[in-house]
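Chains as they are written, first to last, in my numbering: chain G, 6 to 277; chain Y, 424 to 749; chain S, 3 to 303.
Read the hints as simulated data drawn from the structure, not as lab findings. Even for Gly, the Cβ is constructed at its ideal location relative to N, Cα and C. Hints are not guaranteed to be accurate.
What the hints assert, rightly or not - Partner residues aside, some chain G positions facing chain Y, computed with beta carbon under 10 Å: (1) Arg94; (2) Asn110; (3) Cys126.
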Amino acid sequence: MTMAGSETAMLSLAGVSKSFGGLKAVSDFSLDIAKGSITSLIGPNGAGKTTVFNLITGIYRPDSGTMRFDGASIMSLLPHQVVETGIARTFQTLRLFENLTCFENVVAGQHCRCRAGFIACLLNTAARRREEEKAFKLAEEALRRLGIWQFRDELAKNLSYGDRRRLEIARALATVPKLLILDEPAGGLNEQESNDLMGIIRDIRDSGITVFLIEHDMRVVMGISDRVAVMEYGRKIAEGTPEEVQHNPDVIEAYLGSDEEDDEFAKAGEAR
Amino acid sequence: MKTERSRMSRMSVSANSAFLMVLAAFLIVFPFFVSDYWIDVCVFWGINVLLGLSLNIIVGEVGLFNMGHTAFYAVGAYTAAILSQRFGINMWVLMLLSGVAAAIAGNVLTAPIMHLRGDYLLMVTVGLNEIIRITLINNPFGLTGGPNGLIVLDQFRVFGRVIQSPIDFYVLVWGCVALLLFALFRLQRSRIGRAWNYVREDAVAAESTGINTRWAKSLAFMIGAGIAGATGTIYATKMMVISPDSFTFAASVSLFAIVILGGTGSIPGVILASGAMMVLPELMRDFAQYRMLFFGLAMVLMMIFRPQGLWPSTRWSTRVKGGDAE
Amino acid sequence: MVFFLSQMVNGLTVGAVYALIALGYTMVYGVMRLINFAHGDFFMMGSYLGYTVLVTFLAAVGLPLWLVLLIATAIATLGVALLGVFVERVAYRPLRRSGRLAAVVSALGVSQFLQNAAMLIWGARFQAYPPWAAPDAAWNIGGVSVSLMQLLIIGISLMLMVGLYLFVQRTTAGTAIRATAIDHDTARLMGINVNSVITLIFIIGPALGGIAGVLLGLYYRQIHFTVGWSYGLKAFTAAILGGIGNIPGAMVGGLLLGILEMLGAGYISAAWKDVMVFGILILLLIFRPTGILGERVAEKV
Chain G
6 MTMAGSETAM
16 LSLAGVSKSF
26 GGLKAVSDFS
36 LDIAKGSITS
46 LIGPNGAGKT
56 TVFNLITGIY
66 RPDSGTMRFD
76 GASIMSLLPH
86 QVVETGIART
96 FQTLRLFENL
106 TCFENVVAGQ
116 HCRCRAGFIA
126 CLLNTAARRR
136 EEEKAFKLAE
146 EALRRLGIWQ
156 FRDELAKNLS
166 YGDRRRLEIA
176 RALATVPKLL
186 ILDEPAGGLN
196 EQESNDLMGI
206 IRDIRDSGIT
216 VFLIEHDMRV
226 VMGISDRVAV
236 MEYGRKIAEG
246 TPEEVQHNPD
256 VIEAYLGSDE
266 EDDEFAKAGE
276 AR
Chain Y
424 MKTERSRMSR
434 MSVSANSAFL
444 MVLAAFLIVF
454 PFFVSDYWID
464 VCVFWGINVL
474 LGLSLNIIVG
484 EVGLFNMGHT
494 AFYAVGAYTA
504 AILSQRFGIN
514 MWVLMLLSGV
524 AAAIAGNVLT
534 APIMHLRGDY
544 LLMVTVGLNE
554 IIRITLINNP
564 FGLTGGPNGL
574 IVLDQFRVFG
584 RVIQSPIDFY
594 VLVWGCVALL
604 LFALFRLQRS
614 RIGRAWNYVR
624 EDAVAAESTG
634 INTRWAKSLA
644 FMIGAGIAGA
654 TGTIYATKMM
664 VISPDSFTFA
674 ASVSLFAIVI
684 LGGTGSIPGV
694 ILASGAMMVL
704 PELMRDFAQY
714 RMLFFGLAMV
724 LMMIFRPQGL
734 WPSTRWSTRV
744 KGGDAE
Chain S
3 MVFFLSQMVN
13 GLTVGAVYAL
23 IALGYTMVYG
33 VMRLINFAHG
43 DFFMMGSYLG
53 YTVLVTFLAA
63 VGLPLWLVLL
73 IATAIATLGV
83 ALLGVFVERV
93 AYRPLRRSGR
103 LAAVVSALGV
113 SQFLQNAAML
123 IWGARFQAYP
133 PWAAPDAAWN
143 IGGVSVSLMQ
153 LLIIGISLML
163 MVGLYLFVQR
173 TTAGTAIRAT
183 AIDHDTARLM
193 GINVNSVITL
203 IFIIGPALGG
213 IAGVLLGLYY
223 RQIHFTVGWS
233 YGLKAFTAAI
243 LGGIGNIPGA
253 MVGGLLLGIL
263 EMLGAGYISA
273 AWKDVMVFGI
283 LILLLIFRPT
293 GILGERVAEK
303 V
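Isolated chain G (complex conformation):
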């Protein structure tokens, strides 16, 4: 088992549990995510992966355990405070500001980095304008990085599915995170699009941002991950490099229950 709060861990979860009514969605979950790595969380549907994300990002509060990010506890933070400490996320089912432009969607990420209050906004002070200029510049960078700068004035709802996925990542990047959490980023993407996505994720990691993702597409998982953790029934059943996990008997067992996943698993193995 991993030790909580080891030196190089960006994020470390130790003994985290969460129940809904009688259902233990996550039990005694521990995981360290190394700084500058890409870590994937995989497992059958309903294994509790998204719940882990919701616990980290403050949407749910864990029943027990500890969660430390960059040396400080994030146990009692509200979601927006979690973002301020440097964790940004995307959602499994896209949650964009549909009726706002792409640029506005991405500028949202900079909100927590700006300080102008009611009076400053009313008086339109020089400090407010400077701060906004910087925010706009960072938003522009995020849009360009995801290759959707040309859609900046389009409403989010008018974009294609793949571009909407990119927009959500751009919005998360605009918060200037240290850790980026992606919930099934390749979901619904075709092969070409997921290849592009893998490039983008690697590029994000190379720019110094740690990445933690949930993914079902084994080609993506095995292709980009430095570490893979496997969940089943709310528990972590394995962790290691992609190769280790692929040959782990418990993991194969867990995936045998589901033919589809098993096939994908096998295919991913062949592809490597």
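Starting from the known structure of chain G, arrange chains Y and S on it as the hints suggest.
For chains Y and S alone, kept in the frame of chain G given last:
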């Protein structure tokens, strides 16, 4: 290549500006040609524009269904009346104080209920409206004068000139509208205005993108309630008598209808809809008693056929000047 | 003790009326997840329809009183049920796919329309039910005065509530209602006609409201076009108190709220009783939005 960044408005924004210019021209010329009666009608139109714009911050910008807005208006009017009667404080100071009092009420009363979902919030704000109105009727500590209300004898003064004729009030009210519009434009184009819109679009996504949704909501409630409270002072000096009858649930409903029918979030929409609410009944006597019947029907039809409202909101969306090629 | 008991009887009487109205809120909410803001106005319309039938058509006919009341109630109930079905068709059905808030605004519009229509038809002043219509028998049981009208209201309401409960639990149509309340799409896959279920809900809910309207008119004698919202808001509080979407909850919530209101009016202050009721609504929504019988459900993010 570095680009110059500035906020540009959409094409439709020029329609907004054109509307406001035509309105301003009309309002300047209008008083020269009509009787005091019609000037008074426009004074009440202006008061409703102030109230509608203040509610529009809460309902239109943030998407919080507040159907008890009159409660804050009442808090402002009564604060002004009570303090004026007992301490004879200057009306301009009272306008500020009643705005602050209403803002505090807006903050304190809505703090525990802000997280409620739209339709629940609507029911609770109706309840709040009733609680305030019944409290005013029950005359706690002899402060509110019970069902008869209070008399306000003091008036606004500008360099010794007492504001009491219809044209004085006309200038005062529409001057306040102009100031408020200016303030709203500033807010809409700032991180505060954007945060409000993010919360309206998707509160969970907003919170997960680092926006303190609680802060955004309570700020909107405070500002909206504060403006309604300050407007209450103007109303009190205009009417010279205020009573619980002026602050009923029905008044809240018609304010809510103004905002929805105008096109939630749309400033010209609020001005047009409150004009329709105040001025049409004066133009067509027969219309007066059918007014709310008509507005009720309009709310249904509009949701089915034109959910964006009379004058759909054309936000001053944040744009970047795009002279550069990709 | 006598005072306590008579307040209990008064409380049970208004509580029974609240419960009947609350059932309409709760059934529509259960099936459509919509707070039908016009529901209080269905109740108000029932009250006025009953009044008109009594005053205009039946006053001169010379039938026995019980038959007159039965006919008036039946016509009012039928009229309101038709109105309910019509409103659902015209104002809610086209909006079923447009998001909840559009339906909320539409419901508010319907509410305003009905209120003002009532005002235009029956006038802005209070109207009084004819004094001969309400049975005025009353008994004194150990100092506690109990009128026949009170017993009728409590008895009829309880019968209707039990009947509705059995209907929903025991019959095929009731099963269809319960299935639709859980999931529209699944219900549709099971061969249930969701539109018919919703129409049925908009017959039963308003009909119960219509009956409550006539009973209340006979009890208080006076009716006004604004009673829809004041009683509607209280009945909504009752529905929340019992757990919205839950049929037995609406019954329990209604009776409990009526008793609380009358005890509050009797022992604390009559002038502040409505403040207490709305205070209960606010406290409930803050601390226990699922009510007494509702289940706590985690919202999926």
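Verification of the supplied hints:
1. Hint status for arginine 94 of chain G: holds, given a least beta-carbon distance of 6 Å to chain Y, under 10 Å.
2. Because the smallest distance between the Cβ of asparagine 110 of chain G and any Cβ of chain Y comes to about 9 Å, under 10 Å, the interface hint for this residue holds.
3. Against a cut-off of 10 Å between C-beta atoms, the interface hint on cysteine 126 of chain G holds, since the closest Cβ of chain Y lies about 4 Å away.
Checked against the numbered hints given earlier, the structure satisfies every one of them.
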